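There are 4 protein chains.
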Amino acid sequence: MTVRIGLIGVGVMGADHARTIYTAAGGAELTAIHDPDRERAESVAKSCGGARVVDTAERLIADPGVDAVLIASPDATHAPLALACIEAAKPALVEKPLAATLEECRAVIAAEMTAKRRLIQVGFMRRFDPGYLAMKQALAENRLGAPLFFHCQHRNAVGPDYLTSELVIANSTVHEIDIARFLLDEDFAFVSVTSPRASRRAPGRQPQFLVMETKSGVVVDVEAYMDSAYGYEVKGEMVCEAGAITLSPNPPIKLREAGQEVFAVEPDWRDRFRSAYRDQIAGWVASIREGRPVGSSAWDGYAASFTAAACIEAWRSRTRTKVTLADTPDFYK
Amino acid sequence: MTVRIGLIGVGVMGADHARTIYTAAGGAELTAIHDPDRERAESVAKSCGGARVVDTAERLIADPGVDAVLIASPDATHAPLALACIEAAKPALVEKPLAATLEECRAVIAAEMTAKRRLIQVGFMRRFDPGYLAMKQALAENRLGAPLFFHCQHRNAVGPDYLTSELVIANSTVHEIDIARFLLDEDFAFVSVTSPRASRRAPGRQPQFLVMETKSGVVVDVEAYMDSAYGYEVKGEMVCEAGAITLSPNPPIKLREAGQEVFAVEPDWRDRFRSAYRDQIAGWVASIREGRPVGSSAWDGYAASFTAAACIEAWRSRTRTKVTLADTPDFYK
Amino acid sequence: MTVRIGLIGVGVMGADHARTIYTAAGGAELTAIHDPDRERAESVAKSCGGARVVDTAERLIADPGVDAVLIASPDATHAPLALACIEAAKPALVEKPLAATLEECRAVIAAEMTAKRRLIQVGFMRRFDPGYLAMKQALAENRLGAPLFFHCQHRNAVGPDYLTSELVIANSTVHEIDIARFLLDEDFAFVSVTSPRASRRAPGRQPQFLVMETKSGVVVDVEAYMDSAYGYEVKGEMVCEAGAITLSPNPPIKLREAGQEVFAVEPDWRDRFRSAYRDQIAGWVASIREGRPVGSSAWDGYAASFTAAACIEAWRSRTRTKVTLADTPDFYK
Amino acid sequence: MTVRIGLIGVGVMGADHARTIYTAAGGAELTAIHDPDRERAESVAKSCGGARVVDTAERLIADPGVDAVLIASPDATHAPLALACIEAAKPALVEKPLAATLEECRAVIAAEMTAKRRLIQVGFMRRFDPGYLAMKQALAENRLGAPLFFHCQHRNAVGPDYLTSELVIANSTVHEIDIARFLLDEDFAFVSVTSPRASRRAPGRQPQFLVMETKSGVVVDVEAYMDSAYGYEVKGEMVCEAGAITLSPNPPIKLREAGQEVFAVEPDWRDRFRSAYRDQIAGWVASIREGRPVGSSAWDGYAASFTAAACIEAWRSRTRTKVTLADTPDFYK
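Residue numbers (this note's numbering), protein chains in the order written: chain Z, 416 to 748; chain A, 416 to 748; chain W, 416 to 748; chain D, 416 to 748.
Among the clues, some could well be false.
[As the list claims (entries may be wrong)] Computed beta-carbon distance windows for the label pairs: (1) 579/A x 674/W: 24 to 30 angstroms; (2) 490/Z x 631/A: 54 to 60 angstroms; (3) 630/A x 707/Z: 53 to 59 angstroms; (4) 665/Z x 462/A: 30 to 36 angstroms; (5) 682/W x 491/Z: 54 to 60 angstroms.
Keep in mind that the hints were calculated from the coordinates and are not lab data.
Note that the structure is a prediction, hence the values are computed from the model and not measured.
Think of the CB as a built atom: it goes at the ideal place given N, C-alpha and C, for glycine as much as any other residue.
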């Protein structure tokens, strides 16, 4: 069985996803594309084996030739389109965030629970990264004892103009929140946020430093700096009772040149997480073929947004703040 | 267009290839399988989406539902099956070596040239490894000047019982010969071979040390040690006039534990070159869709075997030996 | 001129210092030793070229054959002995901490200022570590812009039995407080402390996580975990506006063995900071010869203890706490 | 007892040695200096605590205030001065090479044997490098089995004008010959040399590639490239039956900047081997105090030069060449 995929949105990420489906996803076919910019949709379709271009997102979802939907359109459209997919009983991979508001997140969860079927996967691609997977595997083997600290750094080369101090938390650290929940298998109890001064290269926003405490007492700290200038970098170290596990994503070559030994740092997340994006789609396709969900659920998407909101509140109040997220429903366990 | 692939041979490598086609090759479908061990063929077919099992290799090649053939059967069958594919005008990816003898290599080349179409790709997967590709890219950018040395190490954990000192050269260093020709874009003029003592763990064969000189004067040295015990490892450093490029295939995590910082070393080539194998098949499928050859040609397969034969002669005589390979025909440029 | 050094205290650190003076300190001579355990003093004296053993610390300080004093006796004796050295107008290198209480620190500072001469160097050896010095040098070159974050990890293999959650801060993180003040050249304004759960290997104390904000807005975070089991490790990363500087203290060899690539991790601080300890003594001797102070001053010793006390207060209250340290007197600038 | 050292020659290396004795050698004193350039001698003496400047090398050696002599004058003077030191019964540390000719080497050896006392240490400083020492230690522990290969690279940034293809072997690879003899504890049986083309930056000389076989069958290969442009680098990997040991001399920090992760490469041997040079002098001083020789003996100096001469012969003839070095006399074992 070949899974016929419809793609909504062919911006930078959407076009990348199209290419990934075309070249690297066994058992899948890019069959339909929708984008408000029809010309761009045509161009992507042509370069990826000739998918049909569809006029509206609704028609694409309803199309009987479409088995599953990849939603890579702007954030505000995620929840309505996800709801439409649930309505149509079609599996959907939704780019993060699941929704623009917590209320919309809850609506998607309610719809899924009503439908009694898990159809939504949220695009937290790090869950498919070989480094985090090896870290999870090492934790599962339990050679090093229980986790105590998880140190994270998340740096972008250049933040977009609209980025504010709040959005540094809301847009970026959700990735760390999701991956920490994935690795540690538990939720957060308290969060605190401290900000260093702004970089002179981006005076309008502050880098952020989150300290989050899980319910069992692991301290997760996250540096989020969106204007590092030197490149995109994601680091992580899990410190356990008797040892530590560190992400080590060295590029495939090093150069010696002009007094230096040099490794390239990736310019953005698409290069850094290329294999994670590819394996995310491969995993999604396999999960459809085999009927068992993988990756981040709608609940995971909600939990990440909920926790990020608590961090913003902690940042505003400069106070250690309780996270009042409900327990994960059995449906999502 | 989906490329329908027939697979001949589902031993360790063949079964791996089946899985790769099923999960990670966009635009391809595993449609038919042949193996003398029919039970094994059925089992692989079942786990990979249900390809048809075909009785003979000849029938598989002739099957109108098969667009392209992947030959992963024993070495001695490579040339006859490649010739049958050329006869049937079907593209074939042939596991290395191209043939069991130089004469058979020449027969495949002659058949292809007669057919006036390049149909054969030889499975030197390293040409698709991100490390070697980045090395080639760095050479192409020419920031570091012309190459002078290429240092290679090739280590297996445990050699098979049948392995002899000659086979260490013939079976293993062909990979280095092929990748050196790929990176440097030229052939070898002279070769010398020196052997250290045998490891006490494998007294019946010697490790080998090759020193090969290209026509333009690059020195390529290769350590081949098939009984390293600690794991599989392939290293390479290209030393240029003004700098050096080194393969740096660090695994995705490191552990600190019991007084040590530890990286895992892969147990064999399938783990080390997983992405190379995947990209080799993806590249082959794309080359069929787009009608332009990629990877090692039949001539490259011949050149590697020819050069390895010269190395064996050099080893026997302990003398610097001239390599009398003919120039690459225009057909293969 | 050879500096004749008297050593008070030949416990583990003192005996190490004796050996360093004997083998690696140009222009210095170990001339006198005092320790309550006279037998131990004799034994160390014998192994280090035959220094005189002196009955009391007071006599050693008064001895006209002693030009300078190294104080490596128990913490409670540091301040009285430092005061005696100031009284005798002899330079003293005092192992950290400068004193057992803040009040005693202030007494030493007052005595020095009265004497109008800087005689006390506190043994924060990290200021002589090649890594931190290279970090300071890179900051001074200002290629990377102003600092924003300084991430620190400080791990011991096995904490002593008497260690409490407070002492994790008071004894260990003072090193990070001192080196951060040295690198950033400023004091702290606010501190917060969060604790993960205790390791089951040391249930009586919690690891600690400090977040300290400098007056200009740099965030310095410190993980202090005294029961890591795997070894002693000190890491540091300074994140600046346009780049980052990371300590990289790899040992001189790596091994490949049994499926792993392995670096040794030092068992304790003496191995990790061997060259820092040596260069600290060499720097101290040179500073005596040349009459200009180096390393941590009495004020630096006081500032580190003062800030650590604020962290303990922050830890008890779980509140972001203001650090009310006075400005550095001109005398110490 | 303080060892009073006389230094002959204060060129680049000699001045460095003076500084090392002054700042980092416990139990030693730089007491006398001779150099034909008296002004330079005065200046070095002044900056290193005020040693006496002596008119001739002969007078310095004869001076009753000089206990031991460090010979850092031009190569041609090494043997005569070493002979004078033996005559005066004073220990001498002689910069490599021991002598300008093999005949002179033999004369020094004969003099020492006649004197019945080992007085000469040859300045092969690598024997004091932490990396090689850790490698020797790992071999001694024998966890990895017997050695099979020793891969060496030796690169300088810019070769001097007078350097020829022969001198690349004679001047540089002697270091690898000496350290291989030290690590493996045996002599060479056969040597071969292959040259790549010259770098366009130094067309008058070729880089060299040596393949040397020890008597027990270890293959030692050495790349010697004196015009690497990017910096000075010495690498080494010992491949044993069941694992490998690699030198790993990473500098103390790494930088992330402008799309790169960067380690500095040292510009020359003095930075790369700073601690080796320091420990060589410390070891020499200790050996004088304790009366037991350390480091490379006169015989080791002879053996290195002898083997290098065989390599030059092999290079000229392009033939695998037998090394006819006599067995090490018992006196030197």
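So, going through the hints one by one against the coordinates:
1. Distance hint check: the CB atoms of residue 579/A and residue 674/W are about 26 angstroms apart, consistent with the given range 24 to 30 angstroms.
2. Taking 54 to 60 angstroms as the suggested C-beta distance range, the pair residue 490/Z and residue 631/A conforms, at roughly 56 angstroms.
3. The hinted window of 53 to 59 angstroms between residue 630/A and residue 707/Z holds, with their beta carbons roughly 57 angstroms apart.
4. As the Cβ distance of residue 665/Z to residue 462/A is approximately 33 angstroms, the hint placing it in 30 to 36 angstroms holds.
5. One distance hint, 54 to 60 angstroms for the beta-carbon pair residue 682/W and residue 491/Z, holds here, with the actual separation near 56 angstroms.
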